[in-house]
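Taking the hints into account, I'd like the entire structure generated from these sequences.
One line per chain: the protein sequences are A and B, in this order. Per the working numbering, numbering of the first sequence is gapless, rising by one per residue and ending at 140. Per the working numbering, numbering of the second sequence is gapless, rising by one per residue and ending at 1096.
It is worth saying that the hints were derived from the structure and are not from the lab. Nothing here was measured: the structure is a model prediction, and the numbers come from that model. Among the hints, a few may not be true.
[As the list claims (entries may be wrong)] Sample of chain B residues at the chain A side, in silico, Cβ under 10 Å:
1) 1050
2) 1064
3) 1071
4) 1082
Yeah, the Cβ is synthetic: ideal placement off N, Cα and C, and Gly gets one too.
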Amino acid sequence: MEKEDKSEIVGITSRKLVPYILLFGFYLISYGHFSPGGGFQGGVVLGAGIILLCLSRGISLTEISFSRQKITLLEISMITTFILLGIVGLVMGKNFLSNVFLGKVEEVPTAGFIFLLDLVIGLKAGAGIILIFYSLAKMR
Amino acid sequence: MSKKWAKEILILLIIMLLGIIFFSGFYPHLPLNLAVSEHYVARGERETGAINIVSSIYLGYRAFDTLGETIALLVTVSSIVFLLEKKEERNIGKRR
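Right under this line is the structure:
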């Protein structure tokens, strides 16, 4: 995107807004087993934050910090982590993808495995959406 | 002639049986459909540790389906990236 296309209002507003959007995405992911939300939704919010950064600051500036190689590596490593987390259940003597670090409901770190799966799915969905946006924007 | 009719009637009966099995999913008060949902509502918190019952189903009881969903998303993203990059390369080739 060229410099003349940019609007001052959009730039300043999105610069102030993007950290809170990313924080809200991580909140949705990490509280997925307590409240409405979860992995996919939080990941989509994360991707929307990065897309807003791209639209306001330009793709070339955004690719310095969130480069294509890093996002691709994140996507691939997250799906590998998902399968490895499933194999952990097999190693501990339960079913594939069964919940092995299970606590009581009243305790704070309940559902350890579900939180990990939420994190993995969220990062993976966000990385996928950012990759789709990058390739669509480069086609233009 | 009669053999052909018998075969068609058999096919019709099999289709109707499958249809009854399929449409029984639309009646949630049948005991067949009630057992699973009652189990999830009653013991979902204890067995998976998630208070949100949606999370306890799609990451606890049916995490394998979620793995399939994740692989579908991965295939979608990689196919989109692959197709668009090919098109970009073609355009660059034309310009040169």
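Chain A contact restraint on residue 1050 of chain B - CB to CB distance below 10 Å: Because about 4 Å separates residue 1050 of chain B from the closest Cβ in chain A, which is inside the 10 Å limit, the hint holds.
Go through the hint on residue 1082 of chain B and say holds or violated, using the shortest Cβ distance to chain A against 10 Å. holds, 9 Å
Hint status (Cβ of residue 1064 of chain B to nearest Cβ of chain A, threshold 10 Å): holds, 6 Å
Evaluation of the interface hint that places residue 1071 of chain B against chain A, nearest CB under 10 Å: holds, 7 Å
In terms of the numbered hints stated before, the structure departs from none.
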